[in-house]
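There are 2 protein chains.
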Amino acid sequence: MAKNAVYAQSGGVTAVINASACGVIETARRHGDKIGTVYAGRNGIIGALTEELIDTSAESDAAIAALRHTPSGAFGSCRFKLKDLETSKREYDRLIEVFKAHDIGYFFYNGGGDSADTCFKVSQLSEKTGYPVQAIHVPKTIDNDLPITDTCPGFGSVAKYVAISTREASYDVRSMSKTSTKVMVIEVMGRHAGWIAAAGALAADAENDIPVLILFPEIKFDQEKFLAEVKAKVDKYDYCTVIVSEGAKNPDGKFLAEQGTTDAFGHAQLGGAAPVVADMVRKALGYKFHWAVADYLQRSARHIASGTDVAQAYAVGQAAVELALKGENSVMPTIVRASDHPYKWEIGHAPLSKVANVEKFMPREFISADGFGITEACRTYLSPLIQGEDYPPYHNGLPRYVTLKNQLVAKRLPEFKL
Amino acid sequence: MAKNAVYAQSGGVTAVINASACGVIETARRHGDKIGTVYAGRNGIIGALTEELIDTSAESDAAIAALRHTPSGAFGSCRFKLKDLETSKREYDRLIEVFKAHDIGYFFYNGGGDSADTCFKVSQLSEKTGYPVQAIHVPKTIDNDLPITDTCPGFGSVAKYVAISTREASYDVRSMSKTSTKVMVIEVMGRHAGWIAAAGALAADAENDIPVLILFPEIKFDQEKFLAEVKAKVDKYDYCTVIVSEGAKNPDGKFLAEQGTTDAFGHAQLGGAAPVVADMVRKALGYKFHWAVADYLQRSARHIASGTDVAQAYAVGQAAVELALKGENSVMPTIVRASDHPYKWEIGHAPLSKVANVEKFMPREFISADGFGITEACRTYLSPLIQGEDYPPYHNGLPRYVTLKNQLVAKRLPEFKL
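Line by line, the protein sequences give chains F and P. Going by this note's numbering, the first residue of the first sequence is number 1, and it counts up by one from there. Going by this note's numbering, the first residue of the second sequence is number 1, and it counts up by one from there.
Hints were generated in silico from the structure; no laboratory data involved. There's no promise every hint is true.
No copy labels: a pair is met if it fits in one copy or bridges any two.
To be verified - Derived BS3-like pairs: lysine-lysine, alpha-carbon spacing no greater than 25 Å straight-line:
| hint | residue 1 | residue 2 |
| --- | --- | --- |
| 1 | Lys283 | Lys254 |
| 2 | Lys354 | Lys128 |
| 3 | Lys220 | Lys100 |
Fair warning: this is a prediction, and the values are worked out from it, not measured in the lab.
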């Protein structure tokens, strides 16, 4: 008998997480003999816990296909972390209850490191309780910090956005530096890992001699050295562009800018490193400056998504279902790089026990000796990930993104208080 | 005999000012019998004054064609305002000297309100001194605040960027509002006029029920009313998106955020209204928030330029040359709207005496009664300006923009100190 599936989106959304949803649902629809209905958790795992399950079978094939070019989380996502099996026993028990009530045999969890951990625990629980659920994690994070997989869907598109924006803003500043801005500071995301910031360096290449300085979270900020580098670049080019990661830290370990608030995971909510750095430059060197904070614009910029990223996001969704159909449990599809030149990739998979709670930082050999740039090895790694333009359809000058009906199925269980 | 031409870019650059340069140069090349060499001022009018003239005839046809898809100012621009004919007599005299020395018969000045004034004065000077120079202004400003012309090249592309970014970020926030951000604040440019901010409202349409609140420079900021509106939107939608113009002002006339520095024109250099508004929302309503400051990213975003804008930017460049060839002086090509549905436009022209020093603000009837949105009349006006995607070519995942050789011609005059 065909079992139903629960699919849930977790954590910060991306330009391509819906492409993974599209891969999951379209693949499941092709295997109706083995997978019944795909239910999506409304607002992620919260919907799975509160039995707010979206019936994706109510959505047309065209609407599901449009997920491939729609940014954000079409079913809603959330920041809600389940802890270990003892501490969060009530939540894990409830999940199994909901799965039983709706005849769920497959759990596809689409997220980053925290959700890989949750997915892993669900897969363990399945064994322990004897209720058979295959838990497959679908990788997603703009931070690119999941282990084993060569890259994480969502990252390539942010990287492309940051690389393009850095090139465009640098052209702008270059043309005005005589009388106006000399230092442009762009703040990008990446709480702990500098992958996104690194992409700013791609703005420069053999045809584009653009001075870019990067402030990585992995490198302790040395103000004196940084200001000397800015001065050297401005002396040579009359301008420079600084990419600062939101995760860049002072030597005392504090973020360059903290707003003092925390998100639901208890992480400090960041923002505002760019004005801090810009002001530092102004005070020490007196240069005119401008600064930008791309914030959500960078991770939702589906209009300029990477073709490679979209294809990989879809592929991991498809692979998750195919792995489930092969009987796998407690695994995550991965992207395996087969070659750099030409870039070739294929789908592999890894056990969740090796994925959960492991963060992949920028290797030191990807960061230039002075700490402000990237190496050729890093460029070789990053460059293929931003290749290809996968433009959405347009209507009235704007991308035509889909908003689903998101019909909930009838509840079968008593209410559950979060 | 064919006279030479000077072309100069002025003020803040845009995604499409080079498309106007392309229109000027390509059209001049087709009329070699009447126009000799087009010289471009290096860094705008400064280059014309210091006799740093770029010989555009050294650039290939392909390089000039590539200007059409290259953002920024390819020859350099500047913020350098000439004052009235008496105060800046030394500069105006010098301009004529340079024109004489290089046999210049045409002056094409590509800029906004300040440069229209300079261009107007140059045209007067030509009459007074008896040295015949035809001065034609080529309109350019993202602020869309030039009079007479239906729109200003540069604006449509920023408007498209802001509309798309607002839609994308709103989708993002909508999918996370359950546990995360409820209020997204995006700061956009527009020092005195709210045209750019207004474009944020285009994110919402019949297919996209997105709650957008706009803070216009034209409307005095009423904190209490604003916070009540934010609360009402969040109560209804669980999130909302606020677009704040950098020019939004407190009732006391001060900008919501001033950095305390001024640019070369003496205007206050702005930035940072978004964090101010976000913090206000947090303190009063306690909502989680994120904020973005698009800054130069918005005006250099050639990757998502408006097809209408690119075509119009090219057309005003072309028309400037054609007007010159018809013997016109002291005029500016304008964009004339022939119809809204379907959108049709043609090129007209206006005397510079009526353009210089006139700023076009948002008409009150384009702003909704509550002051936080746009009216249907405004939507009818804005919508055609963002139509069409004019994608640049890509290489290695990044737009392939052109960097010109920018060879200077030999100087014939003594040095001139600015």
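So, going through the hints one by one against the coordinates:
1. Lys283 to Lys254: So Lys283 and Lys254 pass the 25 Å test inside a copy (21 Å) and across (24 Å) alike.
2. Lys354 to Lys128: within (19 Å within a copy, 82 Å between copies)
3. Lys220 to Lys100: neither (50 Å within a copy, 57 Å between copies)
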